[in-house]
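Novice: Please build the complete structure, drawing on both the sequences and the hints.
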Amino acid sequence: MSIHQTSFVLSVEDLTVSFDGFKAVDGLTFYVEPNECRVMIGPNGAGKTTVLDLICGRTRATSGSVRFKDQELLTMREDQIVLAGVGRKFQTPSVYEDLSVFENLELSYPRGHSVFGSLFFRRDAEVKARIEEIAETIFLADLLDEKAAFLSHGQKQWLEIGMLLIQDPELLMLDEPVAGMSVAERKKTAELLNRIIDHRSVIVIEHDMGFVEDIATRVTVLHQGKTLSEGKMDKVKNDPKVIEVYLGH
Amino acid sequence: MQSDRKTRFLTREEAIYFGLLAAVIFLILPMALDSFRLNLFGKYLSYAFVAIGLVLCWGAGGILSLGQGVFFGLGGYAMAMFLKLEASTPEATAIQSTPGIPDFMDWNQVTALPWWWEPFNSLAFTLVAVVAVPVAFAFIIGVAMFRRRVGGVYFAIITQAIAAILTILIIGQQGFTGGVNGITDLRTLKGWDIRSDEAKEILYFVNAGLLFACLFAAQYVRRSKLGRLLIAMRDQEDRVRFSGYDVASFKVFVFCLGAAFAGIGGAMFTLQVGFMSPTLVGIVPSIEMVIFAAVGGRLSILGAVYGTLLVNWAKTTLSESFPELWLLGLGALFIAVVMFFPNGLAGLWSEQVRPRLRKLFAGRGAGATPPAAPVPANSASAPDRPAAKAAAE
Amino acid sequence: MFAGYSAGELTAIFAMQGFAGLILFSVFVLMALGLAIIFGQMGVINMAHGEFMILGAYVTYLVSNAFATHLPDLFSIYFFVAMVLAFLASGALGMLVEWGLIRHLYRRPLDTLLATWGLSLILQQIYRSVFGAREVGVTIPNWMMGSLPLTDMIEVPINGLFVMVLAVGISVSIYALMFRSRWGQQVRAINQNRVMAGAVGINTERTDRLTFGIGCGIAGVAGSAFTMIGSTGPTSGQLYIVDTFLVVVFGGAGSLLGTIASAFTISQAQSVLEFFLSGSMAKVITLLVVVGILMLRPQGLFALKLRK
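Chains as they are written, first to last, in UniProt numbering: chain E, 1 to 249; chain L, 1 to 393; chain V, 1 to 308.
Simulated from the structure, these hints should not be mistaken for laboratory data. For glycine and all other residues, C-beta sits at the position ideal for the given N, C-alpha and C. Treat the hints loosely; a few may be bogus.
Claimed, not checked - Counterexamples of contact, computed for chain E against chain L with all Cβ distances above 10 angstroms:
| hint | residue |
| --- | --- |
| 1 | Glu33 |
| 2 | Arg77 |
| 3 | Phe102 |
| 4 | Ser118 |
| 5 | Met209 |
| 6 | Pro240 |
Unchecked claim - The following label-pair restraints were derived from C-beta to C-beta distances:
| hint | chain 1 | residue 1 | chain 2 | residue 2 | range |
| --- | --- | --- | --- | --- | --- |
| 7 | E | Gly21 | L | Glu351 | 47 to 57 angstroms |
| 8 | L | Pro323 | E | Thr75 | 52 to 62 angstroms |
| 9 | V | Thr151 | L | Gly152 | 42 to 52 angstroms |
| 10 | E | Ala179 | L | Trp313 | 50 to 60 angstroms |
| 11 | E | Lys235 | L | Asp238 | 31 to 41 angstroms |
| 12 | E | Leu74 | L | Ile140 | 23 to 33 angstroms |
Specialist: Put into structure tokens, the structure is as follows:
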């Protein structure tokens, strides 16, 4: 590597995880720069979601290293990784259905995350203002008092994105943010994502190629847990190995 | 519609419910019952401490402990040890081969007070221990289990095993614990005879006061952000983790809080009933305490108190007249609550009775959340809003 | 603690206690296998498992009485008849319970636990009303009495030996059933992905009912075997339920081999300790160690690392 490693937001090196001998991710290495939007594509079972799980600590790696701004993430707990500045959105929308939209956002507000911090957390004007501001961004300003259970699928996706925004992470990881959305919702989401990926690094898993071309700085193609190809969208699209994997069965 | 989104400690409706319960416990029961029956209800109310803790752990947090009797017992034994030492003065025990130690030790050829009994000569130490010992025990269990993400049925089984272990230990170590009979023949607290009718009445009110203190503490927790986090954890544990919360420490906290409540309840049991024995520690009492909470409504702290009173009253009444029926009835109660009334009495109230009352007195008290609502939502969101779905489209 | 025993005596003590442990092991295995199927494969907590076992014991008691009065010539083989009937009775009750209770609660494991606890209370009361509160024992046929001397210091009781043979036989049959039969394949398929199993044409409802029934039936056989070494009372089942659950969890739910290995470890530890300590302390220490290990390794002894 010719560049100093410290200039990367995220350095994933030789990352491997094996489940009873099956290597779901196998010696994966990649680097994410500040303000970069990295899109991961690859056929089903390529290990895309597993990579995100490994970075955010949901799955424990067998070997390798994941460094986020000079901190080794592999030895940290999930909540410590989040508080260090890594946000994660799941594939299926996961919001707290029994709580209101307001309360959903409030739980992600970056204050009072310890036991006693949350016990004595006060809902002050600053918190309310910030939540209302985020709600505006995610098109849910009118639904703040609604229970999340009553939201549509797309609205739940937006709410989860909003919960990430209020955390204000430096590295945002999104797992198929437009999956299962209607055309109109999809357009709105793309617009929303374009707005929020400014000023932070993002890793996105997505299948929708139009969407990918729209937002990607660089693309990593995963296949059987390894990098098949990496670079600008144009380059990757014309890589014969990639075409082989996607079309060659 | 409320839009200021204030987190109120009590909504107006909740204040009414708290007031009603206070009236029942502080006024109606003492006026309606003779001193013997009042003492009996005091005993029931000491179980209600456990039930409130279970509402927090199980109803709100999704952690079902089948070993709450352990904490009840630890608190109760701590208090019993103090009272027993006070009753075992060298003068009162002069006929023993070793005067000055509890009688059961003497019967079991123990000749000196074990070192871990010594601190219980002090009332201050005992009062601290009543809470601290159960909490420390819960802390160890909680950290070990929740750090490794043991939950659900595994947690239930292991806590049940712990209840079994403690019971066997207490029964086996007769010389130090009083064995299967427990610690009995407790007489005075700092010279004050706790067996007199007058003392029992005072203890009833002390017990009731402490119960309300615990109810208020539980209500505070539920109204805090921590309370909302518990609900969030029950439904989407992973999401909470990835919102930057250390899920295990929250579970440990609520488990310890439940243990603290149970310990206080145990101590009050000992004071009011005059003994403590392993029959209140083991598997059976622990799971019966779960049914108290379930009958009252696993999501409602006030419901838990009513549930405890009702089940115990039924138990006393039925087992006096039809002992065979009681076990059948209790068994049927377990099944019926789970199958037909998962939210217990509180659920019946908020789903059946309350809507009808509201129709009767249309308009009164609208917009507030009942404490008995199936979902302990924050006061900002009224639970019954049919327009919500439409508004979301 | 070994002072005062000669080397030969110590060997004999360990061998005899080890054998006592083997009998305990057999009972544990028989109890735990049914539970391992129901809990490990279906994820259902059946707190009434002990009562299904006691049903088997009472059936054996009834059969033994019936043979003694009506068929005294065939008394020596009554036990085999009793075992089959115990299996059928417990199995049938199990299927009835699955139909009436368990199937409504598959998605609520903690509620299943409470409901089956309620069931266990009801069954206990029924046993008490029908058979009385006192423990009953069966007359053991002559050929099962006495013991087999191995050396001049070590002898083993024949009834214990019989229970062991039974445990081995049933373990092997269950293994064959789970891993060699079509039913076993279906059970495992449902365990892994219920929706998918239904989609490929497995009748999940019927398989569940049968699985629950077989698990309970095995408990009935365990109860039948139990009468050979001890007497039966209405609450005998409750005494074993915690141990049995610990055996299954300790072994790693879902692993039959793990269940057997953990039953072996726990029973051996307990009976060897029992000789040197009082019975209750032996049990306390064994259970504490098991709970301690479970806290360190909650997945049990044998568990696969799976991709989430």
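Novice: Work down the list of hints and note, for each, if the structure agrees.
Specialist: Do the hints match the structure? See the list:
1. Glu33: holds (24 angstroms)
2. Arg77: Per Cβ check, Arg77(E) is inside 10 angstroms of chain L; nearest 7 angstroms; violated.
3. Phe102: violated (6 angstroms)
4. Ser118: Answer for Ser118(E): violated, closest chain L Cβ roughly 4 angstroms.
5. Met209: Met209(E) clear of chain L: closest Cβ-Cβ about 28 angstroms, beyond 10 angstroms.
6. Pro240: Pro240(E) clear of chain L: closest Cβ-Cβ about 38 angstroms, beyond 10 angstroms.
7. Gly21(E) x Glu351(L): 47 to 57 angstroms: holds (52 angstroms)
8. Pro323(L) x Thr75(E): 52 to 62 angstroms: Hint holds: Cβ distance 60 angstroms, inside 52 to 62 angstroms.
9. Thr151(V) x Gly152(L): 42 to 52 angstroms: Holds: the Cβ-Cβ distance is about 50 angstroms, inside 42 to 52 angstroms.
10. Ala179(E) x Trp313(L): 50 to 60 angstroms: holds (55 angstroms)
11. Lys235(E) x Asp238(L): 31 to 41 angstroms: Holds - the Cβ-Cβ distance for Lys235(E) and Asp238(L), about 36 angstroms, lies within 31 to 41 angstroms.
12. Leu74(E) x Ile140(L): 23 to 33 angstroms: holds (28 angstroms)
Checked against the numbered hints given earlier, this structure breaks hints 2, 3, 4; the rest are met.
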